[in-house]
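Chemist: Just need the whole structure built from these sequences, with the hints factored in.
For reference, the chains in residue letters:
2 protein chains.
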Amino acid sequence: MNGRSIYMDHIAGTPVASEVLEAMMPFLVEHFGNPASIHHLGEAPQDAIFRARSQTAALIGAEPEEIIFTSGGTEANNLAIKGVAFQRMSQGRHLVVSAIEHYSVLYAAKALERFGFEITLVPVDEHGVVDPDDVKKAMRPDTVLVSIMHANNEVGTIQSLADIASVVHEGGALLHTDAIASVGRIPVHVQELGVDLLSLAANQFNGPKGVGALYCRKGTSLWPLFHGGGQEDGRRTGTENVAGIVGLGAAAERVRGRLTQKMERCARLEKLLRDRIAQTIEEVRFNGHPHRHIPGWVNVSIRYVEGEALLLHMDLRGICVAGASACMSITAKASHVLEAMGLLGDGAFGTLLFTLDEDNTEDEVHQAVETLGAVVSRLRSMSPLYATRAAS
Amino acid sequence: MNGRSIYMDHIAGTPVASEVLEAMMPFLVEHFGNPASIHHLGEAPQDAIFRARSQTAALIGAEPEEIIFTSGGTEANNLAIKGVAFQRMSQGRHLVVSAIEHYSVLYAAKALERFGFEITLVPVDEHGVVDPDDVKKAMRPDTVLVSIMHANNEVGTIQSLADIASVVHEGGALLHTDAIASVGRIPVHVQELGVDLLSLAANQFNGPKGVGALYCRKGTSLWPLFHGGGQEDGRRTGTENVAGIVGLGAAAERVRGRLTQKMERCARLEKLLRDRIAQTIEEVRFNGHPHRHIPGWVNVSIRYVEGEALLLHMDLRGICVAGASACMSITAKASHVLEAMGLLGDGAFGTLLFTLDEDNTEDEVHQAVETLGAVVSRLRSMSPLYATRAAS
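Protein chains in written order, with full-length UniProt numbering: chain W, 1 to 392; chain R, 1 to 392.
You can't tell identical chains apart in this list, so a pair holds if it fits in one copy or across any two.
Listed next, the in silico SDA-like pairs over lysine to any residue satisfying Cα-Cα at most 20 Å (straight line):
#1 Lys110 - Leu121
#2 Lys110 - Gly234
#3 Lys110 - Asp233
#4 Lys137 - Ser166
#5 Lys110 - Glu232
#6 Lys110 - Gly230
#7 Lys110 - Gln87
Rather than coming from a laboratory, the hints here were simulated on the basis of the structure.
Modeler: Written as C-alpha cells, this is what we have:
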C-alpha cells in the first residue's frame, strides 16, 4: 500500500467529525450522571438529551417527541417492523416490503413468520425503483405495515415515497422507511415523504457508531423491543447512551448546515468518477437510477472479472471500496439488490460500490480510477472468459 | 452546594476510567472502519472486538464466543427473557421471575402475556433472599425460563444462584440472571453460578454507557431481538458500537485486576457509613441481607421523614444518593423491592440508597453522615408524626 489509504466506502461508516467528538467528550468524562437521577448530576445529561432530540428532529422535519433514540439503524428498523407488527397483530398479520430492503428490514419481517405473519415482497425495475401500483397490488385488508426504503444502500436509488405513502394510507396500513443511507446525504422531510416511521443512523453522517433513531409519528404506537424503567417514553427503555445521543444530535446539526454544499461536492466527484471509469475501462455497467440516486454513489459492474478479487486487489493498493453492502461482507453472498433489479445475468461481472463523501478529493478519484484500470487489466489478462470474449 | 459534590450513587452509573477512555478513543477517531468490511480498515475494529470479547468473557469465567454484545443491561435482560421465550414457545409458555427483579426483567416478562405467556413471581424473605424451594414450587412442566437476579440493585442482597440453578435445571428450564449490579463488584463466575444466561453492563464498572453483554451458554439458542446483517453470530445484529465494546472490554480487564482491593475498600467504607448513621440518627433500619450483599451498599430507612424530601435536601447540599432504583427515579413509585421484602409497613419511613465505590473516601462518608444528620433533624422538626411519636 502506497502511504495513506483512500476511503470510498462511506456507506460502511464515516469518521466522527471533530466538532461531534468535542460535543460528546464531556458526557464520557465529567457528566457521567444518569439522566434518570433526581439529583443534580442527572441534569446535564437530561439537558443534553433534550437538545439532541431537537437537533435530530430538525434534520428530518419532525417534532422532538417523535424521535426515539436507538442503538443504531438495525435496531431502528427492527423496532419499526416488529414494534408495529406486534402492536397491531390483532388487526392483521400481513407485511409488505420491497425486494431490495436492507437485511435488517427483510430478515426482521421474515422472522415474524414464526408469529403467523405473511410477507409480500414488492419488485423493483431495472433501476431499483418501486412502482406505487405494485405496492397497491401487494396490499391486503390485513396489511398492517409497509416498509419501503428511502434510498437503497447499494445502488443509491431514491424512491418516490410520497406516492407510495398515499397508496399505503388508502389501504389503512402504516408506512415505514429505512432512510439510513439517505439521512444526512439528501434532504429528508417526514411530512413531505408522508411516512409514519423512519430509521436513521448517526454513523452515516459523521456521528458515532452505536446510535440511531426511529422517527415515530405522533399517535403511532409500538410494542417496545425493550421493556423496563421507562426511558424514551417507554418506547425504548434503558439507561441512555448519553455521549452517543449527544453525538447524533451534534452530527445532525452539523450536516443540516452543510447539506447543499455536501451534495454538490459529492455529485461533482461522482460525475468525475463515472466519466473516468467509463473512459478507462471497457465493458462496464453502472447500476442504479441514472438521476434519482444519492450523490456520490457509483455502483459499477465490470465484465470478465470477479468481484472479490477486484475488492482485494483494490484494498492491497490502499483503496477502500465495498463489494456487496457493508453489512453483507461477512456473509459474502451475491447482492439481492442487483438480483431483484434483474442484473445478476450470467454472473460474469464483478461489482464494486464507491460511496464518496465531501472529504474525498479529485486527486483521490483520479488515483482510484488509475488503480482500478490497472487491477482490471491484470485480472482480465488472467481470465479465460476475457480471452474468449469474441466468441460470446 | 459547598464546592465539589459527593457522589454515592454508583448504581446509577460510574465515571469512565481514564485507561478505559484511552482504549476507546482510537475507535472514535482513526479506526472508524466497519468491522464487517473486507478491506483493511475493517481489521483494527475486528481485532479490537475480538480482544474485548475475550476480556469480557474472562471477567465472568465464560468462553469468548458465549458473549453477545448489547447496547446495555436493559437490552441484555430483554434479549434473554424474550429471546428464550420466543425461541421455546412451542415447548411452553410459562416464566418464573422473582418479585424483586429490575423492571427490565419484570416488565419484559409481563409484556409476553400478549403472546400467551404466564408469569409466576417468586417471593423473597425480609432480607430479599429467594428460597430455592420457592422456585421449585413455582415451576411447571411448561416453564421454559427462570430469571433470578444475582445481586439486587436496591438492597444489594446476593442470591444463592448455584442452588437455584440445580432446581431450575432439574425442572428442564433455563436460568437467566441479571448480574448488572454484581459484575465488577463481586466475583462472578458463570460455571460456579450454573446459569445459562447472564446480563452485565459496562457502566457499572467504569465503562461507558450504552454497552453491555449477555452471556449465553454454548448451545443455548435465542430468537434475536434484532435481525439483519448477521453480526454477533446472528444473535444480535447491527453495525457494532466499536468504541463502546472496546470500552467494555477495557473496563472488564481493569476491574478484574483490582476486584479484591475494590471489595475490601468498599466494605470498609460501607461499615463506616453504617456505624456512623447508626450512631448519629435514631430510629433507622438497614435493609438487605446483613452479610450477603454487595460491598458498599447501604439501603437505609429513616423513620418520620419523607424519602423524596431527604433526597432533595441531600442533593441541595451536594450529596448524590438514590431514593428508589436509579431507573425508577423518573416514575418515583414506592420500591417494589422493599414491598416484596414486607418492609413498606406503615409508610412512615424515608429510604435512601448509598452505593459507594472505591473512589469514595472516609472524609466523604463523614461529611455525608453529618449532612444526613442535619437534614433528618430539620425534617423531623417539621414532622407532626415525629412530634407525636411517643403516642405511637
